[in-house]
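A.B. asks: Those protein sequences? They're chains Z and C, same order as listed.
So the first sequence is residues 2 to 284, counted in this note's numbering.
So the second sequence is residues 3 to 232, counted in this note's numbering.
Hints should not be assumed to be uniformly reliable.
The calculated lysine to aspartate or glutamate pairs, modelled on EDC-like cross-linking and capped at a C-alpha distance of 20 Å, are [what the hints assert, rightly or not]: (1) Z:K54 with C:E209; (2) C:K224 with Z:D27; (3) Z:K64 with Z:D172; (4) C:K225 with Z:D27; (5) Z:K64 with Z:E121.
Don't read these hints as lab results, they were simulated from the structure.
Each chain, written out:
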Amino acid sequence: MPRPPSPSIPEKDFLYGALKQALRLDGRAPLEMRTPSLDFGPELGWVECALGKTRVLAQVDAKMVKPPPERPLEGIISIHSEISPMASSEYEPGRPSDEEVAITRMLDKVLRRSDVVDKESLCVLAGQRVWHLRLTLHCLADAGNMLDCACLAGVVALKHFRRPEVEVVGDEVTVHRPSERAPVPLSMHHTPFCFTFAYFPDPATPPVLDPSHLEQQLSAGLVSVALNAQRELCVVQKAGGVPLAADELLRVVDVAVGKAKELDKIVEARLKEDWLGRHVEVR
Amino acid sequence: MPLVLPGEHIPAQHVNLKLGPGLLQLSSVEEGLSIISTRPGDLTHSTNRSKWWIESNSRRYVPAAQESVIGVVIARSGEGWRVDIGSAHMASLDGLAFEGATKRNRPNLKVGSLLYARVSLAHKDMEPELECFDAQTRKAEGFGELKGGFVVRCSLKMCRMLLDPKHFLLPLLGARFPLDTATGLNGKIWITTKEARHVIAASRCVEAVDPDGGGMTEVGVKKFLSTMDI
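Using the sequences and the accompanying hints, generate a full structural model.
C.D. replies: What follows is the structure, given as structure tokens:
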């Protein structure tokens, strides 16, 4: 399937005209995000995040491996995200498109380099055994802003995941099955959320949070800000596009701070609800 | 209206039998002709049982002759243009396939223009061909370039519903604000009104009434419209 052509002239003109009047095609306000809906699977660490019609599936898996000699005291986290044509006919298997590369790099920065999970807590036996966490993300449907959806799915999957409890006596390592001892949550430093703003060629048009597919295609530049609910900035990514004044960028970060607090509440409430629904037997 | 699955044998018998979408005629040596379904859906027939077809829904358009579609021009090719109508192949539109077009007087279409055209030729493995005039009268009759407005994507069943004059949605919207629409059978609807918020309201209603997006009823649409600022 060849790359779909860019939107037609009437669609382009209409979108720019409507945005000048601060009207979005799905009726949202310019700085309003689609409400995320989180669905947890039967296994721990399996979550499907949906932002409107954009859906991403995240899964966390853990196994014990021998650590590399240069870092014997830290666990390993690897993130796998490949966008298949299932997300949209624009993506081809095997050949990473520009957007896919941008998403992979941003996910790496937000989920790995910003130290979301405490790697030292993943160490079981120094130099011999550490936990290797694999976070796999599948993009199921692309209706714009897959990056935010993927980051949210990844972070919630890490929070949802429970690793088996390990007992170390001297040099002997016993991994307890979940039926023997309750699995242990990952030790996380903070919970980052990513917010993407789209800017358009006409400087009079206000920026738009959580762009839809058409808005993303017709945008001139995208700014992604990742931060947590404690007002700490993790990543600011702006890959080319429209020139922005410094105070405009600060305004965008302020908006993102407010949204991060709301999102944090939603995520916590949802995780708690799911946890209460799971049967936990205490002997 | 029984529900049938693909591959089921259909007991359709008539002197002048006509098979519509979703039905295929197979000839087998022992039994003569047998008719099977190729799509899942509701089996329907006309009152005198001469025309049979399957009512199904999908989003992928398969071109058929004499259907009106909305296309986007993607490239010039020689004397004509190549148009994307959402099918597996790009369609070709000849430069002279317009009302009153001569070699010297051709319409000026740019890449990215929106067109309302009729599929004149459509076969399984060939590129479909489009024409921008009515087959019998050879006059424009609404075909041609669509200027302004906005295009909404929907399922194929929704387009067929909108083309039915007894459907409630378009008269309901037309009573609130003046609007002009062109419905393409390839899952695209072009809407234009005087104000942008009316177009947005109309497109959100179309997406809500679409069977894929929930299938809102008339009462639901009225409530939905009252939440919007029209």
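A.B. asks: Decide, hint by hint, whether the structure agrees.
C.D. replies: Hints versus structure:
no., hint, in the structure
1, Z:K54 with C:E209, "holds, 12 Å"
2, C:K224 with Z:D27, "holds, 17 Å"
3, Z:K64 with Z:D172, "holds, 18 Å"
4, C:K225 with Z:D27, "holds, 17 Å"
5, Z:K64 with Z:E121, "holds, 15 Å"
Hint check: no violations occur; every hint is consistent with the structure.
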